[in-house]
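Turn these sequences into a full structure, and let the hints steer you where they fit.
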Amino acid sequence: MMAHMKKSPWVIHYDGSSCNGCDIEVLASLAPHYDIERFGIIHTGNPKHADILLITGSINEQNIEVVKNIYSQMPKPRAVVAIGICALSGGVFRECYNVQGGVDKVLPVDVHVPGCAARPESIIDGIVKATAILEEKKKKMSEEKAKKEVE
Amino acid sequence: MNLLYGLAYILAAPALGGLTVGLDRIITARMQGRVGPPLLQPFYDVAKLFEKEKAVVARSQNLFVLAYVVFMAFTGMLFFSGGDFLLVIFALTLSHIFLVLGAYSANSPYSFIGAERELIQIMAFEPMILLAASGMYLVTKSFYISDIVRTQVPLVLLLPGLFLGLLYVLPIKLRKSPFDLSTSHHAHQEIVKGITTEFSGSTLGRVEIAHWYETVLLLGFVYLFFSFNPLLALIAVALTYVLELFIDNNYTRFKWALALKSAWLVALVLGMGNIALLWYYMKGL
Ligand code: SF4
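Chains A and B, in that order, are what the protein sequence lines are. For the first sequence, numbering that gives the first Met the number 0 puts the final residue at 150, and the numbers step up evenly by one. For the second sequence, numbering that gives the first Met the number 0 puts the final residue at 284, and the numbers step up evenly by one.
I should point out that these hints are in silico values taken from the structure, not numbers from a laboratory. Please note that the accuracy of each hint is not assured.
[What the hints assert, rightly or not] One side of the interface only, derived from the structure: several residues of chain B facing chain A at Cβ under 7 Å:
(1) Arg33
(2) Val34
(3) Tyr43
(4) Lys47
(5) Glu50
(6) Glu52
(7) Ala54
(8) Glu189
As the structure is a computational prediction, the values presented were derived from the model and not from experiment. Cβ coordinates follow ideal geometry from the N, Cα and C atoms, glycine included.
Rendered as structure tokens:
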């Protein structure tokens with residue numbers, strides 16, 4: 000019953016303030032060459048169908064609302080994977096006047112994928128790590144639900 | 000009418016349809032030089048969808064999607080228990096209308112566009128399948144599937160135009176390129192996700208189950224053309240499906256006007272042409 004979260008993680012990706020390098024690597028890992036469908040991963044453009052949000056680039060004044068909006072539309076359990084140094088801390092854009100910093104300024108990040116740019120292999124690894132976290136979150140959800148029913 | 004076959008369909012079609020879709024994803028992957036997901040991936044996906052949070056945009060959408068699944072299963076039951084072909088066609092349309100209503104009940108431009116395109120797709124599909132039913136009636140003198148399936152006449156040889164026409168419009172219902180306008184499969188996107196944009200979790204899972212039912216029903220249509228020889232018919236059904244995958248992987252999406260025009264043109268030329276020729280031929284006899 001519990002293993003399904005892990006077997007079918009659908010992803011959506013968003014690119015914040017970045018040089019685009021990481022986003023291109025994300026697209027590369029979603030393309031046929033790396034065949035992420037082996038893991039049941041499907042790239043969806045619709046947050047309502049997604050389980051994992053991949054974010055590259057840093058958070059700036061303008062995209063705070065966008066990122067929050069995407070995340071809030073994803074049904075639980077959901078996970079966030081921050082990809083690249085920009086998404087970790089702001090990276091080279093850290094000192095810019097409009098940049099707030101990494102993704103964890105606005106969203107609870109579950110997995111950080113290192114690299115500038117992050118490699119497709121490590122991005123896929125990050126997604127697979129996130130699936131395990133999804134599974135845990137699902138467990139917590141069911142436990143809470145059971146508790147509520149008891150009360 | 001044989002209700003037993005109908006009940007067998009209700010029980011077995013989701014499993015059969017799910018496996019077909021699983022094979023579809025593997026074959027598609029191989030065509031693209033990939034390994035692809037496990038065979039049971041569609042079942043994992045739907046199981047996951049049922050485990051997700053129930054986020055509902057408008058309450059009525061759940062009711063409509065439920066009606067969509069129920070009517071789809073009912074349509075298939077009518078078909079497999081040997082019911083009236085015309086009734087099957089209109090029941091199929093009705094079930095899709097429920098899906099359209101479900102998409103309209105959310106206040107979202109994406110699902111509106113998807114719903115409108117679904118209506119256009121229904122319009123594109125209908126003439127061809129109605130002509131196919133009429134052609135079968137001309138040969139077998141019955142609209143009942145139970146009579147059509149028992150005929151010893153090789154329908155495909157008498158109705159080649161109708162068969163080719165059916166092959167042409169089949170991707171509309173299978174949600175495959177070049178006709179995956181209202182929504183699409185695999186990782187494809189169309190104006191976000193068209194008619195299914197606002198469905199998530201178990202609601203989306205139900206849409207997928209309805210699609211499994213529908214896939215088996217559509218392959219049943221193909222079977223009818225070869226029903227004089229069941230073994231040959233099963234082979235023809237398998238080959239047809241692989242052909243549709245081949246088309247899916249080799250064509251880009253059509254614009255809606257082209258999809259509609261070409262489907263009607265095919266129905267007019269191949270469908271009507273076939274029926275007219277057959278009619279004259281039978282008069283001659
Ligand atoms: S981490 Fe490096 S490669 Fe990635 S977006 Fe930032 S600057 Fe570009």
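Exercise for the section: Against chain A, run the beta carbon of B:Lys47 and see if the smallest gap drops under 7 Å. Expected result: holds (4 Å)
Handout entry: Minimum beta-carbon distance criterion (7 Å), B:Glu50 to chain A
Key = holds (6 Å)
Problem - Cut-off 7 Å, beta-carbon criterion: hint that B:Val34 touches chain A - result: holds (5 Å)
Exercise for the section: So, B:Arg33 near chain A? Judge it on the closest CB pair being under 7 Å. Expected result: holds (4 Å)
Practice task
Could you check if B:Glu52 really has its C-beta closer than 7 Å to a C-beta on chain A?
Solution key: Interface hint status for B:Glu52: holds (4 Å vs cutoff 7 Å).
Practice task
Closer than 7 Å between Cβ atoms is the bar; does B:Tyr43 clear it against chain A? Give me holds or violated.
Solution key: Where the cut-off is 7 Å and the nearest Cβ of chain A is about 4 Å from B:Tyr43, the hint holds.
Exercise for the section: Answer holds if the nearest beta-carbon of chain A is closer than 7 Å to that of B:Ala54; otherwise answer violated. Expected result: holds (4 Å)
Handout entry: B:Glu189 as chain A interface residue, shortest Cβ-Cβ below 7 Å
Key = violated (9 Å)
When the structure is compared with the earlier hints, a violation turns up for hint 8 alone.
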